[in-house]
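Participant: Protein chains in written order, with the numbering used here: chain A, 20 to 387; chain B, 35 to 525; chain C, 265 to 570.
If you are wondering where the hints come from, they were derived from the structure by calculation, not from laboratory data. Some clues are possibly wrong.
If you only want the chain B side, here are some residues facing chain A, beta carbon under 7 Å, derived [to be verified]:
1. F51
2. F78
3. S82
4. P319
5. N375
6. D377
Far from chain C by the CB rule (all over 12 Å, computed), these chain B residues [said to hold, decoys possible]:
7. A62
8. P127
9. S129
10. E130
11. A180
12. A244
13. A268
14. P274
15. L356
16. G425
17. K472
18. D481
19. S500
Listed next, the in silico DMTMM-like pairs over lysine to aspartate or glutamate satisfying Cα-Cα at most 25 Å (straight line) [stated by the list, open to error]:
20. K117(A) - E410(B)
21. K495(B) - E419(C)
22. K484(B) - E455(B)
23. K484(B) - D377(B)
24. K293(B) - D387(A)
25. K307(C) - D529(C)
26. K118(B) - E100(B)
27. K374(B) - D269(A)
28. K334(C) - E101(A)
29. K495(B) - E471(B)
30. K495(B) - D347(A)
31. K472(B) - E134(A)
32. K254(B) - D106(B)
33. K307(C) - D324(C)
34. K332(A) - D65(B)
Values in this document were obtained by computation on a predicted structure and should not be read as measured data. Glycine is no exception: its CB is placed at the ideal position from the N, C-alpha and C atoms.
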Amino acid sequence: MKRAGHVTAHRHTTPQISVPHRNRPHLPIGYARRYAALVTMSTLAANAPGAAGGGLKDVAASEASLRRFLHGLPGVDQVGLEARAAALGTRSIKTTAKAYAIDLAISMIDLTTLEGADTVGKVRALCTKGRNPDPSDPTAPRVAAICVYPDMVATAKEALKGTGIQVASVATAFPAGRAALPVKLADTADAVAAGADEIDMVIDRGAFLSGRYLDVFNEITAVKEACKRPDGTSAHLKVIFETGELQTYDNVRRASWLAMLAGADFIKTSTGKVAVNATPPVTLLMLEAVRDFRAQTGVQVGVKPAGGIRTTKDAMKYLVMVNETLGDDWLTPHWFRFGASSLLNDLLMQRQKLTTGRYSGPDYVTVD
Amino acid sequence: MAKNKNAAEPVRKSGLFEYAPAPESPAAAGDIATSYGHFINGEFTDSSGSEALKTVNPATEQVLAEFAQGTDEDVDRAVKAARKAFADWSALPGSERAKYLFRIARIVQERSRELAVLESIDNGKPIKETRDFDLPMVAAHFFYYAGWADKLDFAGFGAAPKPLGVAGQVIPWNFPLMMLAWKIAPALATGNTVVLKPAETTPLTALRFAEICRQAGLPKGVVNIVTGDGRTGAALTAHPDVNKVAFTGSTPVGRAIAKQLAGTRKKLSLELGGKAANIVFDDAPIDQAVEGIVNGIFFNQGHVCCAGSRLLVQESIQDELLDALKRRMATLRVGDPLDKNTDIGAINSAAQLARITELTAHGEAEGAERWSPECELPSTGYWFRPTLFTGVSQAHRIAQEEVFGPVLSVLTFRTPAEALEKANNTPFGLSAGIWTEKGSRILWMADRLKAGVVWANTFNKFDPTSPFGGYKESGYGREGGRHGLEAYLDV
Amino acid sequence: MSDLSTRLDTPARIQVFKTYKLYVGGKFPRSESGRVYEVTDAKGQWLANAPLGTRKDTRDAVLAARAAVKGWSGTTAYNRGQVLYRVAEMLQGRREQFAAEVAAAEGLGGKKAGALVDQAIDRWVWYAGWTDKVAQIAGAANPVAGPFFNLSVPEPTGVVGIVAPQTGYGHSFLGLVSVLAPVIATGNTAVVAAAADAPLPALSLGEVLATSDVPGGVVNVISGRTADIAPTLASHQDVNALDLTGAIAADGPGTATALEELAADTLKRVLRPAVDPAAQDWTNAPGTDRLLSFLETKTVWHPMGQ
């Protein structure tokens with residue numbers, strides 16, 4: 020766990036964000052202590068930017084070493100974690116803080132439509148909404164990305180040209196992930212070729228739950244490879260755990276480390292397609308994981324809670340968690356996203372309330 | 035008086051996401067009178083003496099109200115009123131006593147915002163805690179003991195256990211209304227009547243509670259509140275017609291009361307000081323342990339008798355744990371108790387601040403290494419930064435004496451046996467904490483710790499159903515749970 | 265026009281009659297049979313029509329009760345106590361209505377009926393206080409001879425079928441509350457076969473429960489022939505326990521013995537009726553028997569070691 024010579028590495032391709040070291044103590048935590056013989060973190064860190072590179076071979080050299088690593092992570096006490104998330108949820112965000120947080124939240128939204136009934140018209144309308152969320156108020160910020168299925172990427176890309184809004188595509192047989200690897204890779208490559216800036220992949224929960232961690236790891240590295248473009252750049256990879264299916268917090272912590280070790284640029288809670296999606300405790304746990312990962316490796320990874328976040332009040336709670344767990348470094352759309360659809364209009368109504376002093380209503384925001 | 039503006043400014047670190055002030059309105063505390071007498075026999079009455087004390091808002095140093103210094107004569111009047119009320123109250127069927135207590139519980143719930151704000155103003159503790167902890171606990175305690183009032187036959191003390199008579203109760207300033215509830219609820223449920231003296235720095239919620247007794251229609255004289263300082267307390271505990279003394283406070287005062295009561299027939303229960311070990315093993319759930327350590331020592335500004343003031347950490351994880359703890363401490367928000375985002379409020383009094391300052395200075399002088407996060411403190415009021423001492427050994431005063439403030443002493447150990455030995459190596463024995471994912475170790479440690487309450491993978495948890503109290507010089511008798519009834523029954 | 269309604273209204277105007285309905289899963293359905301039966305007062309005068317609940321209604325009620333078990337038994341004992349106390353609060357406000365129903369059902373004067381309702385309210389308070397205490401008298405830390413932590417805790421049995429009291433002083437309401445409240449206080453859910461001849465207080469109680477924060481399905485009330493409803497409960501595979509207090513039929517499928525035999529098939533816990541149910545005085549102090557009858561004891565072992 021030497022820190023000497025560490026360079027904070029960014030997996031982000033565009034744009035480059037500088038990460039100033041904060042004044043707060045931010046020192047490495049010895050999660051490696053129980054597998055110290057297996058992996059040298061300095062090696063890992065040095066190789067981390069090229070995520071699938073040789074530095075990972077120590078941890079992921081075998082099923083056994085990977086399992087030992089993941090099972091050596093400290094346990095998560097469910098009651099304590101949930102109590103902490105609930106306590107952060109009681110922060111009272113008012114006036115100027117609320118105005119800041121609402122605009123920040125809007126700018127962090129991956130505005131999403133992932134329906135079998137999606138059409139070109141629907142996706143275009145959503146893109147219009149994303150670039151100009153509140154027609155009555157041009158000061159409302161744009162969303163971070165539009166998130167669609169691969170076959171809608173080209174449509175979205177076209178509609179968003181010149182806006183700076185990213186096009187995110189789910190891939191890898193989303194949402195179940197139940198397809199052969201070549202199909203998943205083709206799905207990914209197709210989305211990248213169509214112009215996707217970001218790929219939201221799902222892990223194989225069946226493999227994870229049956230303990231085949233190395234399969235999950237290898238699949239992530241393969242998808243990461245498929246994210247590469249001919250010009251040498253890469254689409255940005257978000258890895259979805261479907262935490263509602265992983266069930267335990269210990270599993271979520273293990274999945275987080277597994278994905279980060281395999282080169283994830285973002286870790287994401289959920290597809291939004293199962294009964295339990297993003298929750299504050301699960302997200303808090305993932306925030307702690309990216310915090311600890313950076314402390315050990317120097318590599319910063321983003322977090323995206325998705326599904327079930329519908330109100331401004333919910334969004335505030337998540338931003339408070341980011342603020343108090345990670346601080347300024349993650350308080351940008353480059354490192355934190357909301358996967359959401361109906362959230363945007365609630366944020367806009369609250370924004371109108373702050374601007375006008377009157378409560379708004381659903382007739383005063385657009386439906387797209 | 036109620037319009038008292040709290041001058042304390044919220045203290046913020048720089049950052050992108052600054053929380054704007056979110057102050058609770060002081061007006062929600064309701065009207066605070068300029069001066070208060072005692073509540074005796076269902077009425078507010080003047081003291082027989084002329085001496086008045088002042089209670090101040092510790093966050094602003096502004097005087098909130100004057101209140102009477104209870105004289106021997108005041109105490110005598112209150113005890114007489116309680117004695118007179120005892121006959122009817124103890125003869126009332128338990129099911130009827132229960133309904134009075136249920137009423138009190140409900141009115142506390144209804145008026146909880148008012149009481150929470152009043153408590154924050156008078157005590158200095160953050161509104162977050164009075165709102166989310168103190169007041170819900172107060173109501174829950176009355177609910178729980180209300181239910182016992184008609185079930186004493188089933189409590190394990192034989193058929194129809196008898197009350198003791200008049201209870202003289204002296205409570206501290208750290209959880210004023212909650213301590214009142216812990217004292218009054220079991221006393222009334224078992225058929226006793228009470229004379230209660232709140233602490234001289236925090237009398238206001240007890241006086242407001244008197245109004246609640248009236249709203250509940252509680253018979254006159256069943257609850258009497260006499261205010262004043264230690265002299266009033268001594269007069270109460272010494273009163274010959276008091277059958278039961280219950281005291282929560284410092285060990286020296288508890289010792290003095292025990293001496294005072296020697297040779298009398300008065301039943302005594304004492305809940306005194308502590309120097310709890312919070313023991314973290316290398317296989318602990320680290321993030322939750324850090325929260326537990328923070329909650330253990332910084333909850334209520336560390337004004338908690340069972341605070342986890344000695345952190346015993348396994349040497350192999352000392353560095354990483356302390357790094358994580360410091361990082362977490364840096365996010366604690368110290369400032370205006372009425373701001374809903376304040377984590378650590380004001381120290382309750384100038385005297386307590388002086389004691390904390392003195393003991394921490396001594397800690398440095400003894401060679402322990404002191405650390406506090408950077409945080410600005412308001413210019414008026416009584417404040418103390420959350421503070422960590424490393425390199426502490428058992429021989430240091432800060433490892434032995436109760437600081438009763440936001441000050442954590444960190445010691446290390448190598449094996450469970452050593453942790454146990456150090457944890458028990460104190461005249462106190464109120465509480466202890468254990469952090470490990472290994473269940474059998476938790477139970478092995480819990481079995482051997484000489485402490486009245488042992489928390490495992492949590493800390494500072496309270497519930498009306500759960501007995502609380504200490505071993506050794508932390509006192510005797512238990513409050514809460516079925517066991518809490520015994521202190522008020524002739525068994 | 266019934267006694268019940270004249271007491272509640274002036275003769276000068278035509279009053280509004282209440283349609284009594286079943287209480288199942290937090291809703292107030294009519295019987296799936298579409299049938300009702302006449303309920304009369306002690307003198308034989310018509311009071312109201314009550315739904316003639318069927319086997320299928322009973323089955324629906326068991327489904328609702330089962331669905332409610334997880335939530336209700338998972339609620340903290342403190343919260344259950346608050347909810348039961350809320351029932352008492354809500355009943356207090358409807359005291360006169362219940363007094364009228366009890367007077368009509370049992371042929372009592374207003375004062376006596378009112379006193380019975382008062383006691384029923386107090387009984388809810390009594391059981392509200394038990395929710396967070398029953399484990400403290402029924403549980404134990406066991407000093408086993410070895411390095412083990414050993415703890416016994418009571419847990420609710422599950423779905424309890426209750427044949428409500430049909431006789432005894434105060435049976436129509438105080439009796440009903442006396443058998444129902446202890447069942448739900450400990451976290452069980454209940455299907456009540458209301459007293460066939462005096463179902464109105466039981467059906468009205470459903471209206472109180474529905475507005476007292478008692479989750480839907482925790483209590484279900486079916487009126488009708490005991491001989492239809494009770495055997496359905498006794499033989500239902502998803503009912504865990506039976507309270508046969510009101511199983512007083514002299515012969516046929518509604519006898520306590522017949523029901524107990526049916527219950528034996530799935531080894532339901534059975535609380536038998538009193539030896540002389542008609543002599544029961546429901547104003548007697550309740551004790552803890554009923555509270556402890558529908559609990560399972562779970563014992564946990566755990567080693568203690570470094």
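Participant: Give a verdict on every hint.
Facilitator: Comparing the hints with the structure gives:
1. F51: holds, 4 Å
2. F78: Result: violated, 36 Å to nearest chain A Cβ.
3. S82: violated, 46 Å
4. P319: holds, 4 Å
5. N375: holds, 6 Å
6. D377: Cβ of D377(B) sits 9 Å from chain A, so the hint is violated.
7. A62: Holds: least Cβ distance 24 Å, greater than 12 Å.
8. P127: Non-interface label fails for P127(B): nearest chain C Cβ at 10 Å, not farther than 12 Å.
9. S129: violated, 6 Å
10. E130: With a cut-off of 12 Å, E130(B) comes too close to chain C, as the shortest Cβ separation is near 9 Å.
11. A180: violated, 6 Å
12. A244: Holds, since 24 Å exceeds 12 Å.
13. A268: Given that every Cβ of chain C is farther than 12 Å from that of A268(B), nearest at about 36 Å, it holds.
14. P274: holds, 35 Å
15. L356: Holds, since 24 Å exceeds 12 Å.
16. G425: The claim holds: G425(B) sits with its nearest Cβ about 27 Å from chain C, beyond 12 Å.
17. K472: violated, 9 Å
18. D481: violated, 6 Å
19. S500: The claim is violated: S500(B) sits with its nearest Cβ about 10 Å from chain C, within 12 Å.
20. K117(A) - E410(B): holds, 23 Å
21. K495(B) - E419(C): holds, 23 Å
22. K484(B) - E455(B): Answer holds: K484(B) to E455(B) is near 10 Å, not above 25 Å.
23. K484(B) - D377(B): violated, 31 Å
24. K293(B) - D387(A): violated, 78 Å
25. K307(C) - D529(C): violated, 41 Å
26. K118(B) - E100(B): violated, 29 Å
27. K374(B) - D269(A): violated, 32 Å
28. K334(C) - E101(A): Holds, because 21 Å separates the two Cα atoms, which is no more than 25 Å.
29. K495(B) - E471(B): holds, 19 Å
30. K495(B) - D347(A): violated, 33 Å
31. K472(B) - E134(A): Not OK: K472(B) and E134(A) at ~46 Å, beyond 25 Å, violated.
32. K254(B) - D106(B): Between K254(B) and D106(B) the Cα gap is close to 21 Å, so the pair holds against 25 Å.
33. K307(C) - D324(C): violated, 34 Å
34. K332(A) - D65(B): With Cα atoms ~33 Å apart, K332(A) and D65(B) exceed 25 Å; violated.
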